[in-house]
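Asker: What follows is the residue order along each chain.
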Amino acid sequence: ETLGLGRPALPEEIAAWDVAVLPDGTGLPEGSGDVFTGDEVFAEKCASCHGDFAEGIDNWPVLAGGQGSLRDRRPVKTVGSYWPYASTVWDYVHRSMPFGAAQTVTADETYAITAFLLYSNGIVDDDFELSRDNFAEIVLPNAGGFYPDDRAEAEYPVFSVAPCMDSCREPVKVTKRAVDLGVTPEDPDGKPAGTLPDLTIAAASATEEAAPADESTAEETAAEVTETASDEMAVDPALVEAGEKVFKKCKACHKVGEGAKNGTGPMLNGIVGQAAGAVDGFRYSKPMQAAAGDGLAWTHEALAEFLANPKGYMKGTKMSFAGLKKPDEIEAVIAYLASFEG
Amino acid sequence: TADPLITEVQDWASSFGDAVDATPYGMPIHYESHVVRRNVEWLTESAVSSINFTPIHALEGTITPQGCAFERHHSGAIELSKQDYRLMINGLVERPLVFTYEDLTRFPRTITTAFCECAANGGMEWGGAQLEGCQFTQGMIHNMEYTGVPLRLLLEEAGVKPEGKWIYAEGADASSNGRSMPLEKALDDVLVAFFANGEALRKEHGYPVRLVVPGFEGNMWVKWLRRIGVYDQAVESREETSKYTDLMKDGRARKWTWVMDAKSVITSPSPQAPIRHGKGPLVITGLAWSGNGKIDRVDVSLDGGVSWQPARLTGDVKSKALTRFHLDIDWDGSEMYLQSRAIDETGYVQPTKDQLREIRGLNNVYHNNGIQTWWVRADGEVENVEVA
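Respectively, the protein sequence lines represent chains A and B. With my numbering applied, the first sequence covers 1 to 342. With my numbering applied, the second sequence covers 1001 to 1388.
Hint data in this document are derived by calculation from the structure and do not stem from the laboratory. Values in this document were obtained by computation on a predicted structure and should not be read as measured data. By construction, the Cβ of each residue, glycine as well, lies at the ideal position given by its N, Cα and C atoms. Some hints here could point you the wrong way.
Among the chain B residues that face chain A by a calculated CB cut under 10 Å, a handful are [stated by the list, open to error]:
#	residue
1	Thr1001
2	Ser1014
3	Gln1135
4	Glu1156
5	Glu1170
6	Arg1227
7	Ala1273
8	Arg1312
9	Ser1319
10	Asp1332
11	Gly1333
12	Ser1334
13	Tyr1337
14	Ile1343
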């Protein structure tokens, strides 16, 4: 008994959306890729976060090594040490990577990246080529390392006994205090962030303190923006504000403002108008170094072109970002970037 | 002395307040501006693949307002309109189908209240007391009243073939977060939801459509739901192999640990909600929940587990939903080691962290439902501690 709602899913629609690859290889498309090619593709599309050797940069995931570490105090969970199925690597790279530009890796490139990751983990030799035909032969080292949830047998009987109510134990002693670590976000007064206000202080005076402070901050920010703007040309504060929102797409890799440091990408204070490839301490891609050598500068126009299509503008850039599609977003983010001096 | 707030005419008692429409869709009054979701920046490398925490220390009752319910994204919260929304059901079905948002609104609806808890809630506390405040230690949880279509009805519309044993649900965002679950669960109480707490889902909770999987870990509550695939095996996606699996002390790992076991926490007093009023009447308030059914009882200890007394379960007790408990005491102003322990209808008693560590070891970061201890000092300040 059906309601007759919905319409048939067309074969090309199913092909577009059902990209799942299962442990037995079901769902793999035609194609192949070797370790050598994978090394190149990985360097271009993945290494800015995962490192040239899949070793992981900052806290981005480590993809290689760690075998034999799963009982250590600090286990290193990688494709080679932890993941049970190669199908998961293929599926995830193909559907979700690179971070910020998902679904831009072709089937052949995905075979190649997977082959490279298998090689990086010592699972295949450097002349290995992965394809749909030999995929089922790949067995990851930790394939046998998982078992289905057994809490119903291993834990529930232990924890389902009538609990003690009185004289259950000796008086307690404190063994660990969170304050000793000091890693909790704090309010300006040093208390844990979000601590409830003291209601024994009159509400009216408390808000008088709080409210003007907020306004003055807003005014200061506005003043800063206006000041910077007047140095350049007339910049619309609303555009800068819109640019701040657009910049959320960039924030994962790029920092701006006071104390900004290089991350996955270079810090961007003063970038508008600056020579390309010139931020101290950042390891630029070879094409970016070459362009810098040729005198490329991030003028408004050059930046707009780069942001619209990073890979098209500069083949081989480390910036694994698909680009900003809307011209007004590009204008806004440039206005925002221009508000930070070098 | 007489209170001038009473003896003098106050502005608000003489002149106008805001007109109607001052805020066509209201926000909390600014006095409550500290009651917001908060993030712990050092936890993750990028805020678009990250988590924040519900301010449970500042909330009462059981329903979490959407505006402060914790967020977890793997590629940021996307904007997907009802007009652009499509849901596909394919795989081992008689009729692979595509539904629009409007199609979903034409199926018979149901209402379910359920808690959604991240499997990693309390994960940072596995090694020891680490963060000051239940917002940070137990705040990867929210509880809402959902309206939507039982997934069973959509699967029946497509006609699951006999060899179909698993479903795989995936989202429309760039992370394409996807999880497998047994067909049995999909046909039981899973909801394809489009309203929460009476209003449309918020963007950050998967507008316009998300999956509600009562009792199961939050990662399976796929947001921006775009496809349900029916398979004869689990897909074993990244989020159910490399993540959300429980590494045990022998170096092997449990997988498919979907159910969130019974747990409770005292939300006040707590580090962000110290006692400011001194000794005398004190309300101890907290939350309890179980992915295996209803909460049967919550006990509270004032002395770190030497002795316990039952708390009141206040309001309705619903299966796989947050339950509020209260204990009203006369505080004598001496130090306390506050603990709570939930007991659910299966007879399961919330364990201590040490009991869990004994079985699971130290590398098991997910599914920490151990008992929390708050050290209440004589001055009313509260610390997150472990005791032995």
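Asker: Min Cβ distance, Ser1334 (chain B) to chain A: is it shorter than 10 Å?
Answerer: Hint on Ser1334 (chain B): violated, closest Cβ of chain A at ~13 Å, above 10 Å.
Asker: Holds or violated: is there a CB of chain A closer than 10 Å to the CB of Thr1001 (chain B)?
Answerer: 14 Å, violated
Asker: So, as I understand it, the hint says Ser1319 (chain B) touches chain A; can you test that by seeing if any CB pair is closer than 10 Å?
Answerer: It is violated, given that the least Cβ distance between Ser1319 (chain B) and chain A is near 17 Å, above 10 Å.
Asker: Next item in the hint list is Ala1273 (chain B). Is there a CB on chain A closer than 10 Å to its CB?
Answerer: For Ala1273 (chain B), the interface hint holds, since the closest Cβ of chain A sits about 5 Å away, which is under 10 Å.
Asker: Next item in the hint list is Asp1332 (chain B). Is there a CB on chain A closer than 10 Å to its CB?
Answerer: Because about 17 Å separates Asp1332 (chain B) from the closest Cβ in chain A, which is outside the 10 Å limit, the hint is violated.
Asker: Can you verify the interface hint for Ser1014 (chain B): is its Cβ closer than 10 Å to any Cβ in chain A?
Answerer: For Ser1014 (chain B), the interface hint is violated, since the closest Cβ of chain A sits about 15 Å away, which is over 10 Å.
Asker: The hint names Glu1156 (chain B) as touching chain A; please verify it with the least Cβ-Cβ distance against 10 Å.
Answerer: This hint holds: Glu1156 (chain B) lies near chain A, its Cβ roughly 7 Å from the closest one there, short of 10 Å.
Asker: With chain A as the partner, please determine if Tyr1337 (chain B) meets the hint condition of a C-beta pair closer than 10 Å.
Answerer: Result: holds, 6 Å to nearest chain A Cβ.
Asker: Holds or violated: the hint that Glu1170 (chain B) contacts chain A, with Cβ atoms closer than 10 Å.
Answerer: With a closest approach of 8 Å, the Glu1170 (chain B) hint holds.
Asker: Mind checking the CB of Arg1227 (chain B) against every CB in chain A and telling me if the closest is under 10 Å?
Answerer: 5 Å, holds
Asker: Arg1312 (chain B) was flagged as interface toward chain A. Is the shortest Cβ-Cβ separation under 10 Å?
Answerer: 16 Å, violated
Asker: The hint names Gln1135 (chain B) as touching chain A; please verify it with the least Cβ-Cβ distance against 10 Å.
Answerer: 6 Å, holds
Comparing the model with each earlier hint shows violations of hints 1, 2, 8, 9, 10, 11, 12; every other hint is respected.
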